[in-house]
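Engineer: Chains Z and E are the protein sequences, given in the same order. Numbering of the first sequence is given in numbering that gives the first Met the number 0, commencing with residue 0 and proceeding in unit increments. Numbering of the second sequence is given in numbering that gives the first Met the number 0, commencing with residue 0 and proceeding in unit increments.
Honestly, the hints are just simulated from the structure, not real lab data. We treat Cβ as the ideally placed atom computed from N, Cα and C, and that holds for glycine. Where hints are given, some of them may not hold.
[Stated by the list, open to error] Partial selection, computed: residues in chain Z whose CB lies under 8 angstroms from chain E: (1) M103; (2) A108; (3) G113; (4) V152; (5) S155; (6) T250; (7) G252; (8) T265.
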Amino acid sequence: MFESLGEAVERAEADRISLGELALRTEAEDGLRSRAEIEGALRRALEVMRGAVERGLPGDLRSVSGLVGGDAARLAHARGPLAGTVFTDVLASALAVQEVNAAMGVIVAAPTAGGAGVLPGVLLGLARHRPVTDDMLVRALATAGLVGAVVAVRASLSGAEGGCQAETGAAAGMAAAAGVELLGGSPTEAAHAVALTMQGTLGLICDPLGGLVEVPCVYRNATGGAMALAGIEMALAGVQFPIPVDEVIDTMGEIGRTMDVRYRETAGGGLAATPTGRRLAKERLVQLKPRRP
Amino acid sequence: MVGPSSSHTAGACRIGLFARGLVGGQPESAKVELHGSFARTGTGHGTDRAIAGGLLGFYPDDVRLRESLELAEQAGMAITFSNTRLRGEHHPNTTRISLKRGPEQAVVIGSSLGAGRILITNVDGFPVEVTGAFPSLVFVAQDVPGIVAAVTSALARTGENIASMRVSRRQKGGEAIHIYELDSPPSAEALDIVRAIPAVRTLRAIPRIA
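I would like the entire structure built from these sequences, with the hints used as guidance.
Structural biologist: Below you can see the structure in the form of structure tokens.
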């Protein structure tokens, strides 16, 4: 696997293949799984993602604590300036998956459960508006996987280590590259989309109320999807981010390493430590008090 | 996987699965100590349910994880949870699980590194590094020369390829723990040969859990 997205882009451009194709070839060359097995696994992941979006959209689920649920369904009645566009579909799909996740439903960690709404939100939101095949979506998932693997090596994919920038931020970067690939952009454009997206999520803290993957996680997946759409739109228009993507990823890692522990999934700071955050957490956690058999 | 957290749910489940493998099946009792972020935010993430599910043999995508505490009770598995502060350096998401199954006992420390990846860092007081990404052979043996050669030749004879191996001991001439990560599950024949090595005791074949 690659430790540098820049190197991967160079190789893909030289071989005149997409990042997704490169990821599939590289993984198959590793020899642990055949290409057919890898594609099969991605196809199953795609089906689970579809299932999660479908399960979450009707809005009848409540989270384990009861704090979140039903917001994905509200987007069906969007009345804002972007109502009915790919934008609101991305928001709705991302919320749907996260609401399923918060209800202990089945999702695909992409890269984590806390950020699991962004990638299916962006890809399946785009798929509603563009003629895309499952094969294209599978290659886009491989692209996302390649980006996630690089972020894992160079920075982190753990909110406890790097804050939300390492979860929904990494997910948004993955979704941006995948979206560019899905829409026919080049590997270079995909890399710029990652950089343009992740520069916007740098410093994002992980501050879940009561430590639950509910507030703000559910909403942050929607805004993560919006960030990815911004990166995709700019990159496909030819915008090039001046700092190379690997250095943006390294920056995320460096910020994570120096981030105060209150902002790394401990519920000790940020929104979790607001008066309302503390009150809601207290009410809900008392209710959640687990039985200790 | 079943939500809501890849580190606190899926990773925790995998640590439970590994621990179960160490005693060769469903434990009668399990003492689960939660450290760091596992202790602070584990309940809301279903970490307790996930570990209990892993101990019951459920994988991270099994929807029964939601009811695992109730299922553990029905299955007669006594499980207790407590918060702790483990000594030494540990990842924020770490648990120590002490298990009993008949004459079998094990104490395992495992960390959930994010995105569902885990690292088992200690088994029965021996420092180890196991990811669960491969089927593995785990056993304790007397610290005498020739064990590794005997085991690797047994595996070679039956065609198992070793992905990684690690031997560590607490003191010279005492006991050492051996962990072999394999590309494929070990055959019954290979297990019999290894088990027959006089210095080897408590041999466990642990399936791939990641």
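Engineer: Compare the structure with each hint and give your call.
Structural biologist: Tested hints:
The interface hint given for M103 of chain Z is met, as the beta carbon of that residue sits about 5 angstroms from the closest beta carbon of chain E, less than 8 angstroms. Taking 8 angstroms as the C-beta contact cut-off toward chain E, the hint placing A108 of chain Z at the interface holds, the least distance being around 4 angstroms. Because the smallest distance between the Cβ of G113 of chain Z and any Cβ of chain E comes to about 6 angstroms, under 8 angstroms, the interface hint for this residue holds. With a least beta-carbon distance of about 12 angstroms to chain E, the hint placing V152 of chain Z at the interface is violated under the 8 angstroms criterion.
The criterion of a C-beta within 8 angstroms of any C-beta in chain E is met by S155 of chain Z, whose closest approach is roughly 6 angstroms, and the hint holds. For the restraint placing T250 of chain Z at the interface with chain E, the shortest Cβ-Cβ distance is roughly 18 angstroms, beyond the 8 angstroms limit, so the hint is violated. Contact between G252 of chain Z and chain E, as hinted, is not supported at the beta carbon level, the nearest pair being about 12 angstroms apart and thus beyond 8 angstroms. Look at T265 of chain Z: its Cβ gets to within about 6 angstroms of chain E, closer than 8 angstroms, so that hint holds up.
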